[in-house]
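Protein chains: 2
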Amino acid sequence: MQDVRVTFLGTGAGMPTRARNVASVAVTLDGRVLLFDCGEATQHQLMSSAVRFGAIEAIFLTHLHGDHLFGLPGLLSSMSLNAREKPLALYGPAGIAAFMRALPLYHTSFEVEIHEISGAAAFRPPSGGYVVDAAPLVHSAPCFAFRIVEDDRPGEFDVARATALGLPPGPAYGRLQRGETVGDVKPSDVLGPTRPGRRIVYCTDTRPCDAAVELARGAGLLIHEATYGSDMAAEAAERFHATAAEAAGVARDAGVAQLILTHISPRYTDATMLLDEARAVFAATELASDHATFEVWR
Amino acid sequence: MQDVRVTFLGTGAGMPTRARNVASVAVTLDGRVLLFDCGEATQHQLMSSAVRFGAIEAIFLTHLHGDHLFGLPGLLSSMSLNAREKPLALYGPAGIAAFMRALPLYHTSFEVEIHEISGAAAFRPPSGGYVVDAAPLVHSAPCFAFRIVEDDRPGEFDVARATALGLPPGPAYGRLQRGETVGDVKPSDVLGPTRPGRRIVYCTDTRPCDAAVELARGAGLLIHEATYGSDMAAEAAERFHATAAEAAGVARDAGVAQLILTHISPRYTDATMLLDEARAVFAATELASDHATFEVWR
Numbered sequence: 001m002q003d004v005r006v007t008f009l010g011t012g013a014g015m016p017t018r019a020r021n022v023a024s025v026a027v028t029l030d031g032r033v034l035l036f037d038c039g040e041a042t043q044h045q046l047m048s049s050a051v052r053f054g055a056i057e058a059i060f061l062t063h064l065h066g067d068h069l070f071g072l073p074g075l076l077s078s079m080s081l082n083a084r085e086k087p088l089a090l091y092g093p094a095g096i097a098a099f100m101r102a103l104p105l106y107h108t109s110f111e112v113e114i115h116e117i118s119g120a121a122a123f124r125p126p127s128g129g130y131v132v133d134a135a136p137l138v139h140s141a142p143c144f145a146f147r148i149v150e151d152d153r154p155g156e157f158d159v160a161r162a163t164a165l166g167l168p169p170g171p172a173y174g175r176l177q178r179g180e181t182v183g184d185v186k187p188s189d190v191l192g193p194t195r196p197g198r199r200i201v202y203c204t205d206t207r208p209c210d211a212a213v214e215l216a217r218g219a220g221l222l223i224h225e226a227t228y229g230s231d232m233a234a235e236a237a238e239r240f241h242a243t244a245a246e247a248a249g250v251a252r253d254a255g256v257a258q259l260i261l262t263h264i265s266p267r268y269t270d271a272t273m274l275l276d277e278a279r280a281v282f283a284a285t286e287l288a289s290d291h292a293t294f295e296v297w298r
Numbered sequence: 001m002q003d004v005r006v007t008f009l010g011t012g013a014g015m016p017t018r019a020r021n022v023a024s025v026a027v028t029l030d031g032r033v034l035l036f037d038c039g040e041a042t043q044h045q046l047m048s049s050a051v052r053f054g055a056i057e058a059i060f061l062t063h064l065h066g067d068h069l070f071g072l073p074g075l076l077s078s079m080s081l082n083a084r085e086k087p088l089a090l091y092g093p094a095g096i097a098a099f100m101r102a103l104p105l106y107h108t109s110f111e112v113e114i115h116e117i118s119g120a121a122a123f124r125p126p127s128g129g130y131v132v133d134a135a136p137l138v139h140s141a142p143c144f145a146f147r148i149v150e151d152d153r154p155g156e157f158d159v160a161r162a163t164a165l166g167l168p169p170g171p172a173y174g175r176l177q178r179g180e181t182v183g184d185v186k187p188s189d190v191l192g193p194t195r196p197g198r199r200i201v202y203c204t205d206t207r208p209c210d211a212a213v214e215l216a217r218g219a220g221l222l223i224h225e226a227t228y229g230s231d232m233a234a235e236a237a238e239r240f241h242a243t244a245a246e247a248a249g250v251a252r253d254a255g256v257a258q259l260i261l262t263h264i265s266p267r268y269t270d271a272t273m274l275l276d277e278a279r280a281v282f283a284a285t286e287l288a289s290d291h292a293t294f295e296v297w298r
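Residue numbers (the working numbering), protein chains in the order written: chain R, 1 to 298; chain Y, 1 to 298.
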């Protein structure tokens, strides 16, 4: 895969404000989209983004609180009105199937393959390229973190070495990169060591916890909730959320390349304080805003 | 009551577009608000309107299709996060109570008094001033029209007559208007005939039907769905919707003062044709748009 991009659709906690909608993040992997959480009006946010409804392959719900869930029925309805036929995988905690079944007068034009997550889960699309797994977090309701793991990527192609072995640039290079032997030249002759795939981890809603650290270990990008600042540290603990500094502690302990904070309480009309508090612990931190897009390079 | 105002929050059918959100209309009666239908992102539309969440006394759902319903859980959640304590009356067809019960991890900080409508229903707020009743429509699912009937209003005060009877302008005028006798002067001596209260009728989703005509008879304002134009008349019949001309026929037959068209299909990016077709049948027609507000005078 070449192109991996994260688009924040909603970055607020609990209820929408004019600045931040409730939770949703889209991850685009070479044109295919995974949606994480689906708060109310996620479809409205999609309409004003570059992410296409039809490209969504799977939806992952961290938990069943309304600010992560209530946009799901409407999004699937609109996909149906757009005559979607392709099945859609839906992952969420136990209870998601009952919720979908209880919707009145509801049907979709396509199959929704519901997977209730218990201990762990793994999603691998038919088209391959990546896998998504899950780990339980520490919240007031059953809640899961998700990790996208891109397939290992071939090593760097050594053009000088290939030329020395008598292969000029051309279609043979592609064949070697795809693992074929060309004449006497084996892929291992011209390719560097296999590079591990990129890893993106999404952790919300949760206290800072070992499970998050383990899942995020070595990831290129950790998206972690930071509902509160240090001014509300007691409330964060009581309500099973994290402060910005606690999120940064998870990023530091996991050794990730980059941290992005999301799920910001409506009380912070200016969340600069949260960013500052996180950066004091882990420098490579950014603050998500609705419609912000980040390319993931490693 | 002095001030009666209708604010359209969503005027589209089926799915949101950038121009029209899914169904919701707020009616403000002297600062108290009745909400009719609650499509997804109604709370977002409220946030960008002058209508206050806290002023909502009751919510009426015409039917349980998602484009009229899926904003309800989120709106009530946000009211809870705003620490609402005042009970809220909720009217809708059979099934609305089960839907609310099936919401996972859900509670509200205030009592939701659910009333499932069968044949007819009547809501009268503790503070009085109006009543809301309902009548069944003709749709693909159980669906109800609603009518707000303002209490009868005192007749016009005849200042010349009061002066001739020896009463100069002053507090006595108010007492007479409230039905008290002042000295020898009875209210009937100075007040014209009692004026009937204003009537506002909301009809969606439906075929044009006698029940709508009966409910709307003599109303000051009829809000009626006009999902389609004459180009889609067959589809309107098949899908149990109305064309703009059919909506206008209901307005004409009911003898209302004004018609406003809403629930416009996303196919009409310019709905001028629908307005023209309706006005050919009933001249006093307007086309709703999101956030449009109309004062109701009669």
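Hints are supplied without guarantee of correctness; some may be wrong.
Said to hold, decoys possible - Stretch by stretch, here's where chain R covers chain Y in the computed footprint (C-beta under 8 Å, at least three residues):
#1 67 to 76
#2 203 to 216
Claimed, not checked - Computed Cβ-Cβ distance ranges for the label pairs, DEER-style:
#3 R:Arg32 <-> Y:Ser230: 37 to 45 Å
#4 Y:Ala83 <-> R:Asp253: 47 to 55 Å
#5 Y:Thr293 <-> R:Asp253: 14 to 22 Å
#6 Y:Ala237 <-> R:Glu111: 45 to 53 Å
#7 R:Ser289 <-> Y:Lys86: 28 to 36 Å
#8 Y:Arg18 <-> R:Asp30: 48 to 56 Å
#9 Y:Gly218 <-> R:Ser109: 52 to 60 Å
Unchecked claim - To spell it out: a stretch of chain Y is covered by chain R in this simulated footprint if at least three of its residues, at any positions, have a beta carbon under 8 Å from a beta carbon of chain R; those stretches are:
#10 14 to 25
#11 102 to 114
Note that these hints are calculated values from the structure, not bench results. Quick caveat, the model's predicted, so the values are computed rather than measured. No residue lacks a Cβ here, since even glycine has one placed at the ideal position from N, Cα and C.
Checked hints:
1. As drawn, the stretch 67 to 76 of chain Y meets chain R at 6 residues by the rule of a beta-carbon pair under 8 Å; at three or more, the given contact holds.
2. Counting residues of the stretch 203 to 216 of chain Y whose C-beta lies closer than 8 Å to any C-beta of chain R gives 0; at least three are required, and the coverage claim is violated.
3. The hinted window of 37 to 45 Å between R:Arg32 and Y:Ser230 holds, with their beta carbons roughly 42 Å apart.
4. Restraint check, Y:Ala83 to R:Asp253: a C-beta distance of roughly 37 Å breaks the suggested window 47 to 55 Å.
5. At roughly 54 Å, the beta-carbon separation of Y:Thr293 and R:Asp253 lies outside the given 14 to 22 Å, and the hint is violated.
6. Between Y:Ala237 and R:Glu111, the C-beta spacing of about 30 Å breaks the proposed range 45 to 53 Å.
7. For R:Ser289 and Y:Lys86, the hinted distance range of 28 to 36 Å is satisfied, since their beta carbons lie about 34 Å from each other.
8. In this structure, Y:Arg18 and R:Asp30 break the distance hint of 48 to 56 Å, their C-beta atoms being roughly 27 Å apart.
9. A hinted range of 52 to 60 Å is violated for the C-beta pair Y:Gly218 and R:Ser109, which are about 43 Å apart.
10. For the stretch 14 to 25 of chain Y, the stated coverage by chain R holds: 7 residues have a C-beta nearer than 8 Å to a C-beta of that chain, and at least 3 were required.
11. By the rule of at least three residues with a Cβ nearer than 8 Å to a Cβ of chain R, the coverage given for the stretch 102 to 114 of chain Y holds, with 5 such residues.
Comparing the model with each earlier hint shows violations of hints 2, 4, 5, 6, 8 and 9; every other hint is respected.
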